[in-house]
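Q: Sequence:
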Amino acid sequence: MSTSSPRVFAARLAGLPVFDPAGDQVGKIRDLVAVLRPGGLPPRVLGLVVEVLGRRSVFVPMTRVTHLDSGQVITTGVVNMRRFEQRPTETLVFGQMLDRQVTVRESGVTGTVYDVAMELTRTRDWVVNRVAIQERAKRFGRKGQTHVVEWRDVDGFTLPEETQGATHLLAALEEMRPADLAHVLHDLPAKRRGEIAAALDDERLADVLEELPEEDQVEILGVLDDERAADVLEEMSPDDAADLIAELPPETAEQLLRLMQPDEAEDVRRLMSYEERTAGGMMTIEPVILSPDATVADALAHVRNEELSPSLAALVYVVRPPLEPPTGRLLGVAHIQRLLREPPSTMVGHVLDTDVEPLRPTSSLEDCARHLATYNLVAAPVVDEDGRLVGAVTVDDLLDHLLPENWRDTPARADTTVSIGAARRGTGRG
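Using the numbering used here, read the sequence shown as starting at 5 and increasing by one per residue.
Think of the hints as simulated: they come from the structure by calculation, not from any bench. Since no wrong hints were added, every one of them can be taken at face value.
Here are the computed distance ranges between Cβ atoms for each label pair:
id: 1; residue 1: Arg324; residue 2: Ser349; range: 19 to 25 Å
id: 2; residue 1: Ala377; residue 2: Arg41; range: 55 to 61 Å
id: 3; residue 1: Gln149; residue 2: Glu258; range: 46 to 52 Å
id: 4; residue 1: Thr80; residue 2: Pro193; range: 29 to 35 Å
id: 5; residue 1: Tyr379; residue 2: Arg11; range: 55 to 61 Å
id: 6; residue 1: Pro266; residue 2: Arg324; range: 23 to 29 Å
id: 7; residue 1: Gly332; residue 2: Glu258; range: 29 to 35 Å
id: 8; residue 1: Arg232; residue 2: Arg281; range: 27 to 33 Å
id: 9; residue 1: Glu258; residue 2: Thr358; range: 39 to 45 Å
For clarity, every value in this text was computed on a predicted model and none was experimentally measured. Positions of the beta carbon are idealized from the N, C-alpha and C atoms, including for glycine.
Work the whole structure out from these sequences, hints included.
A: Below, the structure is given as C-alpha cells:
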C-alpha cells in the first residue's frame, strides 16, 4: 500500500475514480465501510463501496487497495460483482458518520461532524483516528469554529442517530448526477435516506426520485409532509409523478393531487387514466412540440435543452395549435439529423417526415416495442382518435417497463468479475 500522505480525509474521496493496475477507470468511490470497536479504539476501515459499470455498487477490501490519496485510488485483482449490502455491524462513513452531533469529551464542545481522517497503521490496517467538527455558529451568517480531534476524545458515534443532519454528506456528494445520488440513497439505511431526502431542495429531490425504484420513492415521499410532497411531485415529469402517485393508497394520492397546482394535477390525472402497460400509461407529455411556421433554428434551440433526454431530443413534433397536449392535429415529425442539414431559416413544416405512423394511447407494450424496432426509432408520437398529439413514447420509457421491476438490484451472474481486487465479497470483513 502506498499513499502520498499519512492521513487521508474521507470526504475528499467521494466520487474519486478507481483505477486498475493498467490505468483503466473501473468505477467511482461512493462510500467507505468501517466497523466501530469497543474501548475507544478507532474504527477499522474494511473497504470501499465502489460503483462500477452498470451503476452497481460492489465491495472492495482495503487489502486490495494499492494506492490511496485524495487524487486517485488504484486497486488490483478481481472481486465478485455481487451488489454491496451493508451488514448490521458495519457503518458507512459518508452515510452514517458525517453530520453526526458529537461532543468533545474534555472540553465539552458540541458540534457536527463534517469529515473524518483515516491513517494506515503499522499493522497495515486503515483506521479512522481523527474527527473534524464544526461548532454551531454563535452569530448569524458566520460559520462556527472548527476542530480536528482524536477519535478517542469524542462521544456520540455509538448513540442513536436521532440528531443526524445531512449538510456535510450532501456537500461531499453535491457534484453527483441525480442517477448517481439516487444509487447512493438506495444503499443507505431507511432513516438516513429520509434525512438526506428531506435536506434536498424540491427540484433536486424530484430528479433523484425519478431514478429510484418505486418502493424507495414511496418510502421517501412518506417522510415528507403533504405540502412538501405535492411540491416535489410538481417538479417531477408528469409521467413519473403519475407512476409514483399510482403506487400510493387512494386517499393519500387524492390528497396530494388536491394540493398540487391544478394544471399539474390535471396532467397527472390524465396520464393515470390510461392502463399501465400501454403507450398512454408510459408516455411523456413533454416532448418538443412546435407549429409548422417555426424555423429550424427554433427547433435546434429547443432540442439543445440539457434537461431533455437524448431520445426526446431526437424528434420535434409539429402540430396545429394549440401546442400543449392534447394539441391540434399532428402534421408530422422532424428528425434531428434532418434539421442539422437544413438552413436555420427553413420552416420545420417544410422538412417533415409525414410517413411515421403514430401510436394510440391503447397500444400495448409489445406493440410499442415492435413499432420502434420496425422503424428504427428512439421515440414515437402518440395521438388520440382525432389525430391530436397527446404524448410521445421513448425507448427509455419502453425499457423501464420491459425490464423486471427490480432490475436495479438484480445481481450479476456469479462468474461476472471486474478487475478491481482479487478477493471475494467477504474478504476483509470478518
